[in-house]
Amino acid sequence: MGLIEFAAAKTLASSAVFLFITVLLIAAAKRINACIVLFAIQCAVITAQIVALAFLHRSVEAFAVAAVVLIVKVVAIPYALLRISRQLKVTPAVVVSTTPGQSVFIVAALILLAFAVVQPYARAFALDSEMLAAATAIVLTGGFLMVSRKKALMQVIGLLVLENGIFLAALTTTFGMPFVIEMGIFFDLLVCVLLMGIFIFRIRETFEHVDVSRLRRLRG
Amino acid sequence: MTKALDVFQFLVLIGVAPLLRGVVARFKACIQNRRGANVFRPYFDLWKLFRKEDLIPPTASLLFRLCPVILWAATLAASAFVPVLHTTALLGNHGDIILLVYLLALGRFFLVLGAMDGGSSFGGMGASREALVSTLAEAPLLLGLIAVAIVSRGSSIGAIVQWTADRHLFELSPAHAFACVALILVTIAETGRVPVDNPATHLELTMIHEAMVLEYSGPSLALIEWASGIKLNLMLSLLVALFVPWGMTAGVSFSALAIAAGVWVLKMALLAMALAALESSMAKLRMYLVPQYLGMATALSILAVVFTAFKR
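The listed protein sequences derive, respectively, from chains A and B. Those letters in the first sequence? Residues 34 to 253, per our numbering, in order. Those letters in the second sequence? Residues -1 to 310, per our numbering, in order.
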């Protein structure tokens, strides 16, 4: 076993831990920009994992997917989000309905739930239970972020985290989706972020804030 | 030979403690673009304090004089359980992680008592804050250590360190990662460093440790300062020993020991640098945000304990 294969196998084995830690840090972060950077780091971990898988399976397609993930998720989307958060000129704090301590507790509970739920499935299909649990936990955390954060921008980040989880689940269960579909999803994601950016600007122009908990009634 | 080595590393742990504080202060000064004091400054301070008169408030009882001595002795006893260069410690076979945690708690309990006995209102305020922080920090400290102990199937620190040193970095479980983050958060709170307490503050309303020692002077103050230096050194060495013990020697050959000493100095210097960078880049938390900070550490340590159930 060569050195690079060894490094690839170790990357695969340890990436679940890094994903758990990024998820917990996003839950604890107090500023939107910190959340965006943590999202980029999470995507970088996933990229490293795809590269390791591509190397172990000698698949050129997976290398291409890794390159696209790197460009779209690690560079383009965080850059766009940072730009949006700068141009919105709202306070940088993440407004939350739970304290950071509670958020970390809830995310820890979600991680445990994911582990407990995934075990029988992973055993039946002989999958890596840690990676599958990481994917499930990321999906759950993305949902939790969307529910508990009040700024519209954080809901975009929550959605992106959730999408990361789905992507990871596809990667661990079926070794990725077909290349064309993968490309379609990335394109969708990019357009989605742009549309949501425009939408957040419209919310701010109409209501002078981006706090979704205050958008209870429809106003023309 | 092994016994002599254990005594030596115990002496290193308590003797280097003031130097470590000086080094951290020096790194901080560098980051803040100041020249900073000599790194041996804390030794001169201790020497000066030991030669001064010990002033005792007229309202204080015998406890006031006794508390610094008990604090110092308890901290010293705790540091006899921490391996530095060698995977065993001086009293490594006579107690486990639980004794270590509660020796530190004993020292702190008497420090709090002494602060309240001094009779000043700041002492009482600092004491109540210290009691709050230490109560909340106890659970994550103990749970984090227990998680590591469960993974390595041994409750003595020597056994845990030997187990970790025999493996390499990627063989450690998620439990180790979570316990490591939790214990770093706890170490910052326990040693009174920046997000929780500011060791360099002169503002009575924000300080915890400094408010408690406000009434102390002379040799008593020297003992307290030395004990808090030893505690910082002890906690950082414990982090190094539990999570990155590679470089420690199991044998007693001279060359292996020299390498172990070099590696330890390097790791401690890196930690001191990280501590200085953290202290210069963060503001102190408001007092009522500290429970949230320690709540995060608790959540992580609980997660670490639960993760020990999932076999790697």
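In short, the hints are calculated from the structure, not lab data. Among these hints, one or two may not hold up.
[As the list claims (entries may be wrong)] Calculated cross-link-like contacts (lysine-lysine; reagent style BS3-like; alpha-carbon spacing at most 27 Å):
| # | chain 1 | residue 1 | chain 2 | residue 2 |
| --- | --- | --- | --- | --- |
| 1 | B | K265 | B | K1 |
| 2 | B | K282 | B | K265 |
| 3 | B | K1 | A | K183 |
| 4 | A | K43 | B | K265 |
| 5 | A | K122 | A | K63 |
| 6 | A | K122 | A | K183 |
| 7 | A | K183 | A | K63 |
| 8 | A | K63 | B | K1 |
[As the list claims (entries may be wrong)] Now the in silico label distances, taken between C-beta atoms and shown as ranges:
| # | chain 1 | residue 1 | chain 2 | residue 2 | range |
| --- | --- | --- | --- | --- | --- |
| 9 | B | L287 | A | K122 | 45 to 55 Å |
| 10 | B | L201 | A | R64 | 20 to 30 Å |
| 11 | B | A198 | A | G176 | 17 to 27 Å |
| 12 | A | A126 | B | T204 | 42 to 52 Å |
| 13 | B | A307 | A | T132 | 53 to 63 Å |
| 14 | B | K50 | A | A142 | 31 to 41 Å |
| 15 | A | A159 | B | G260 | 55 to 65 Å |
| 16 | A | Y154 | B | I96 | 54 to 64 Å |
| 17 | B | L264 | A | K63 | 44 to 54 Å |
| 18 | B | L201 | A | F208 | 52 to 62 Å |
| 19 | B | K50 | A | T132 | 37 to 47 Å |
| 20 | B | T204 | A | A142 | 48 to 58 Å |
[Unchecked claim] Some, not all, of what chain B presents toward chain A, calculated at C-beta under 8 Å:
| # | residue |
| --- | --- |
| 21 | F168 |
| 22 | P172 |
| 23 | G190 |
| 24 | L264 |
| 25 | A267 |
Small disclaimer: the values here were computed from a predicted structure and weren't measured. Beta carbons: idealized from backbone N, C-alpha and C, even for Gly.
How the hints compare with the structure:
no. : hint                        : verdict
1   : B:K265 - B:K1               : 24 Å, holds
2   : B:K282 - B:K265             : 26 Å, holds
3   : B:K1 - A:K183               : 61 Å, violated
4   : A:K43 - B:K265              : 24 Å, holds
5   : A:K122 - A:K63              : 17 Å, holds
6   : A:K122 - A:K183             : 16 Å, holds
7   : A:K183 - A:K63              : 13 Å, holds
8   : A:K63 - B:K1                : 50 Å, violated
9   : B:L287 - A:K122: 45 to 55 Å : 26 Å, violated
10  : B:L201 - A:R64: 20 to 30 Å  : 26 Å, holds
11  : B:A198 - A:G176: 17 to 27 Å : 43 Å, violated
12  : A:A126 - B:T204: 42 to 52 Å : 22 Å, violated
13  : B:A307 - A:T132: 53 to 63 Å : 28 Å, violated
14  : B:K50 - A:A142: 31 to 41 Å  : 54 Å, violated
15  : A:A159 - B:G260: 55 to 65 Å : 46 Å, violated
16  : A:Y154 - B:I96: 54 to 64 Å  : 38 Å, violated
17  : B:L264 - A:K63: 44 to 54 Å  : 33 Å, violated
18  : B:L201 - A:F208: 52 to 62 Å : 59 Å, holds
19  : B:K50 - A:T132: 37 to 47 Å  : 46 Å, holds
20  : B:T204 - A:A142: 48 to 58 Å : 34 Å, violated
21  : F168                        : 4 Å, holds
22  : P172                        : 5 Å, holds
23  : G190                        : 20 Å, violated
24  : L264                        : 24 Å, violated
25  : A267                        : 25 Å, violated
The structure fails hints 3, 8, 9, 11, 12, 13, 14, 15, 16, 17, 20, 23, 24, 25 (numbered hints given earlier, in ascending order).
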